[in-house]
Structures are given as structure tokens and as C-alpha cells.
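Following the hints, position chain A against chain B.
One letter stands for each residue in the lines below.
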Amino acid sequence: MPDLFRYIPYFLPAAWMTLVITSFGILIGLLIGFPISLARLSKNKAAELAAKAYIGFIRGTPLLLQLFFIYFGLVRLIRLDPLPSAALALGIHNGAYIAEIFRGAIQSVDKGQIEAGRALGMSKAQTLRRIILPQAFRRALPPLGNQFIIALKDSSLASTISIRELVLTSRQLASSNYMMMEMLMLAAVFYLIMTGALSFIVHRIEYKMSVGERAV
Amino acid sequence: MNEKKLAEPIVRLEKVHKHFGKLHVLKGIDFSVQEKEVVVIIGASGSGKSTLLRCINYLEVAEQGKVFLEGKHVHPTKGDINHVRREIGMVFQNFNLFPHMTVLGNVIEAPIRVRGMKKEEATILAKDLIAKVGLSDKLDVYPRMLSGGQKQRVAIARALAMSPKVMLFDEPTSALDPELVGEVIAVMKELADEGMTMIVVTHEMWFAKEAADRVIYMDEGLIVEEGKPEEIFTNPREERTKAFLKQILKD
Chain B
1 MPDLFRYIPY
11 FLPAAWMTLV
21 ITSFGILIGL
31 LIGFPISLAR
41 LSKNKAAELA
51 AKAYIGFIRG
61 TPLLLQLFFI
71 YFGLVRLIRL
81 DPLPSAALAL
91 GIHNGAYIAE
101 IFRGAIQSVD
111 KGQIEAGRAL
121 GMSKAQTLRR
131 IILPQAFRRA
141 LPPLGNQFII
151 ALKDSSLAST
161 ISIRELVLTS
171 RQLASSNYMM
181 MEMLMLAAVF
191 YLIMTGALSF
201 IVHRIEYKMS
211 VGERAV
Chain A
1 MNEKKLAEPI
11 VRLEKVHKHF
21 GKLHVLKGID
31 FSVQEKEVVV
41 IIGASGSGKS
51 TLLRCINYLE
61 VAEQGKVFLE
71 GKHVHPTKGD
81 INHVRREIGM
91 VFQNFNLFPH
101 MTVLGNVIEA
111 PIRVRGMKKE
121 EATILAKDLI
131 AKVGLSDKLD
141 VYPRMLSGGQ
151 KQRVAIARAL
161 AMSPKVMLFD
171 EPTSALDPEL
181 VGEVIAVMKE
191 LADEGMTMIV
201 VTHEMWFAKE
211 AADRVIYMDE
221 GLIVEEGKPE
231 EIFTNPREER
241 TKAFLKQILK
251 D
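Residue numbers (the working numbering), protein chains in the order written: chain B, 1 to 216; chain A, 1 to 251.
Next up, chain B with everything else stripped away, as it sits in the complex:
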């Protein structure tokens, strides 16, 4: 057992790689997801349709396929390195789910809130920014945290395009030391530490943002 500790240095850069792909994936996902959610709720039919098509297409096909499409499929148009390909694929994929999370959160805010804002003379944009979105963001946090954890685990698919993240690293180590089970278990431990930290952070933010909804 203590023998396993000496493999940890090999896993650290792999864990860092997993973290990098996930972070960029989530960031791109948020940057895509938020405007798409607004487009999805927009009265503009073209915007709504475009958002629906994007969400339907992305959610209806596997992430692995999307990753291959960006890395291998686009070669004739643009040649992307593995890392940006993985981050982009993860971002575009999560964008669809995050858009749906935001949409649900925005729609869950009571209609009376919009009426109260508008009745005070606030514009649509003011009501959205000052009244609806602050409440929606708070409600979006738990499902967002969930989505971030899924993204972290999905980053393992980057191993298929030769990114040395946790899964690929554990397999490469095992092929030289023949300890497949041990290496996969080590990778699992790193995933658990990272998903645990992620959910802790999301919980902290949730708590900090829950003013008005928790007893003071």
C-alpha cells in the first residue's frame, strides 16, 4: 500500500489538467448558457428557435461525438490542439444544459415580481436585472453545482484525444506497472477530492447568497 504513494507525483499534473479543462469548459458553458437562456425566453421567434435548436442538438448527441467532431471533424476548417478542443467541446456541451438551468430558474420566479417591478415604472430590462435575475441566480446555484460536477467527470473523455488527464494517466501508468486496479483507484481518489471541493464551494456560495431566504 505505501508503495502507491510514490505514484502521486505522476497524478498531480494529470489532476491539474483535469482542472484546467473543467474550468474552461464551465466558463465557456456559462458564457454560452446565459445568453442562450435569455434567447430561449425571448419573444423574438428567431432567437427562441435558434436557442431551441442549439439545446436540442447538443442534448441529443453524445459529448464524445461532439468532442471528436471538434477535434477530428473540423480539421479541414481549423486545426485545434487537443486542449482547446476539449475545453470547447465541454463548454459547448455544458452551455446547453446551463441554458436550461437558467431558463428554469428565471421561469420559477413568481410572475407577481415582474408585475411589481413594472407597476413601479421600471423598464423590462431594469425589472430583469434588478428583480428577476438576482432571484433566479440564487435558485440556479444548486443545479449549477450539480452540472459543474458532471462537467468535471465528463472531462475524462478528453483522454480519448490524448490529453493526459487523470484517466489517461492512470491507464498509462498501469500499462507499465501492471497495477490497473490500483491506478484507477488513485484516479478515483483524485476525482473525489475535486468533486468534494467543488460541491463545498458551491454550498458556501449558496449560503452566502441566501440572504432573505434564511433566518437571520
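A portion of the hints provided could be inaccurate.
Unchecked claim - Taking lysine to aspartate or glutamate pairs in the DMTMM-like style, the calculated list, with each CA pair at most 20 Å apart, reads:
no.	chain 1	residue 1	chain 2	residue 2
1	A	Lys72	A	Glu87
2	A	Lys250	A	Glu179
3	A	Lys246	A	Glu226
4	A	Lys246	A	Glu230
5	B	Lys208	A	Asp140
6	A	Lys36	A	Asp213
7	B	Lys124	A	Asp80
8	A	Lys165	B	Glu115
9	A	Lys27	A	Glu8
10	A	Lys209	A	Glu171
11	A	Lys209	A	Glu183
12	B	Lys43	A	Glu60
13	B	Lys124	A	Glu179
14	B	Lys111	A	Glu60
15	A	Lys15	A	Glu60
16	B	Lys124	A	Glu220
17	A	Lys36	A	Glu194
18	A	Lys228	A	Glu238
19	A	Lys246	A	Asp219
20	B	Lys111	A	Glu171
21	A	Lys127	A	Asp137
22	A	Lys242	A	Glu231
23	A	Lys66	A	Glu8
24	A	Lys242	A	Asp219
I should point out that these hints are in silico values taken from the structure, not numbers from a laboratory.
Okay, now just chain A, sitting in the frame of chain B:
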């Protein structure tokens, strides 16, 4: 009173019609309210009284007919509705306070965002109004921590912060526990005594008798009868009004 009749009404509705799908909710309403007048609208649920109120500040848009504020008609899609709305305060049945803002935050929001008031200035104004509704000790509290009656008093202060020309009350006490109705009605009575123009949809007959200049009875999208409260309550002309009052006063 005769003098007032000649003045331009604050609010005037002209042959207003409203449908919800196939349902014809307002069937040609002619209605006006003078400055400083307190009008109470009564009627069974579904009679169109809330819709009438909501047409005044364009939360519902009348398909036919016109709504005038101080003699000016604003087109519901082409005109600047926000400009009209800021002159009309509204108090909702379910309060609709902003849960992510404190009591003070709720009251200063619109003066700052809509009137462009400085925060310090808005805060002074808001503190005055919150004191007026008797909640000075709750300035930094979030709505969740308040009782229904307290919430509604904050909602009244929030609407008053825009210095509206007229206040609309849409069943302001219907969502309250019976023992909390009095505190809200008391604030409304005080407002009425100060000369605020008010249009109130309510079943609180005490308020109607004590504060109203005029009571309107609505049924099936039409104004059936209107008059001074003592006339309507003691000597209604229409059969439908009689039946409704009998029903209400029995409860």
C-alpha cells in the same frame, strides 16, 4: 363637490373591453375618478373588478376603449407606459415584495432606478414612509421575516415612495389572517384621510363605509350600480346588488 365634477378626472376609462380568451371580462366600462376621491369597487370574484384595476396601469391592456390619466391617453404599445405607471401606485393581494431586498431596499428601489433619485435622498424619503406605516424597527429586515400585515404595509410604503397621483389596491387584505387585516386597513384609512386618490377593490365593508366617497358594484364585467356608501349599503336599487350585499354581510 360640484366644483370637482368639472375638473379633469385623474383616471378615466372610456368604453373599455377586455377578453381573456373567449371570456369577456370587461364589457364596456365607463369609469372616472376625481382627485382626492376614494372609490371602493365591490363585486363577486370573476366580476372583472381586479381586471378593471389592472387596466388602469396597463398590467392588462384593454382591447377596446381608452384609458386616460389626467386627461392624457397613452397608447399601450407605442406610448411610454413606464411613464404612466410611475404615477400610479399599486398594492397587490400577494404583496409581491422583492424577497432579496430588505424593507428599506424595497422602498428605495424605484425612486432610485425610475426617478433617478440619489440614494441618500431616497433613503430619507423611504425612512419617513416606513415610519408612517409603523415599521421603523424593520428597516434592515428581509420580507421573509415579516407577518402578512407587515408585508402589506411595506408594499404600501414602496408604492408611496414614487409619490403617485393615485393608488390602486387590489384586494389588499384578502391574503391576510383575519387578525392582521386591521393594521393594513388603518394605514389605508389614514391615507384616505390625507387626501390620497384611491381606487380599492376590497370586501372590507368597514373601510368602504368609513373611507369611501363612492362605492361601485360590478357584476359580469359591467358596473351595475354606484353611489355613496350609505346609499349602496342601506338602500341598493338593483336586485343583484341587494343579493350580493346580503351574501357578503352574512359572512
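Hint-by-hint comparison with the structure:
As the CA atoms of Lys72(A) and Glu87(A) are separated by approximately 13 Å, the hinted pair is consistent with the 20 Å bound. Between Lys250(A) and Glu179(A) the alpha-carbon distance is near 19 Å, which keeps this suggested pair within the 20 Å criterion. Between the alpha carbons of Lys246(A) and Glu226(A) the distance comes to roughly 17 Å, so the proposed pair stays at or under 20 Å and holds. A distance of roughly 15 Å separates the Cα atoms of Lys246(A) and Glu230(A); the hinted pair therefore holds under the 20 Å criterion.
A distance of roughly 17 Å separates the Cα atoms of Lys208(B) and Asp140(A); the hinted pair therefore holds under the 20 Å criterion. Proposed proximity of Lys36(A) and Asp213(A) is supported: the alpha carbons are some 9 Å apart, at most 20 Å. Restraint check: the Cα-Cα separation between Lys124(B) and Asp80(A) comes to about 12 Å, which is no more than 20 Å; the hinted pair holds. A hinted pair counts as satisfied when its Cα atoms are at most 20 Å apart, and Lys165(A) with Glu115(B) qualifies at roughly 19 Å.
For the given pair, Lys27(A) sits about 24 Å from Glu8(A) by alpha-carbon distance, which is inconsistent with the 20 Å threshold. Using a Cα cut-off of 20 Å, the hinted pair Lys209(A) and Glu171(A) holds, with the two alpha carbons roughly 16 Å apart. Proposed proximity of Lys209(A) and Glu183(A) is supported: the alpha carbons are some 17 Å apart, at most 20 Å. Taking the CA atoms of Lys43(B) and Glu60(A), the gap is about 18 Å. The hint holds against a cut of 20 Å.
Pair hint Lys124(B) plus Glu179(A) does not hold up; C-alpha atoms about 37 Å apart against a cutoff of 20 Å. The straight-line distance between the Cα atoms of Lys111(B) and Glu60(A) is roughly 14 Å, inside the 20 Å bound, and the hint therefore holds. Simply put, Lys15(A) and Glu60(A) have alpha-carbon atoms about 15 Å apart, close enough for the 20 Å limit, and the pair holds. Pair hint Lys124(B) plus Glu220(A) does not hold up; C-alpha atoms about 33 Å apart against a cutoff of 20 Å.
Taking the CA atoms of Lys36(A) and Glu194(A), the gap is near 9 Å; set against the 20 Å cutoff, the hint holds. Using a Cα cut-off of 20 Å, the hinted pair Lys228(A) and Glu238(A) holds, with the two alpha carbons roughly 14 Å apart. Proposed proximity of Lys246(A) and Asp219(A) is supported: the alpha carbons are some 15 Å apart, at most 20 Å. For the given pair, Lys111(B) sits about 17 Å from Glu171(A) by alpha-carbon distance, which is consistent with the 20 Å threshold.
Of the supplied pair hints, the one linking Lys127(A) and Asp137(A) holds, its CA atoms being roughly 10 Å apart against a limit of 20 Å. With a C-alpha separation of about 12 Å, the suggested pairing of Lys242(A) with Glu231(A) holds against the 20 Å cut-off. Taking the CA atoms of Lys66(A) and Glu8(A), the gap is near 15 Å; set against the 20 Å cutoff, the hint holds. Proposed proximity of Lys242(A) and Asp219(A) is supported: the alpha carbons are some 12 Å apart, at most 20 Å.
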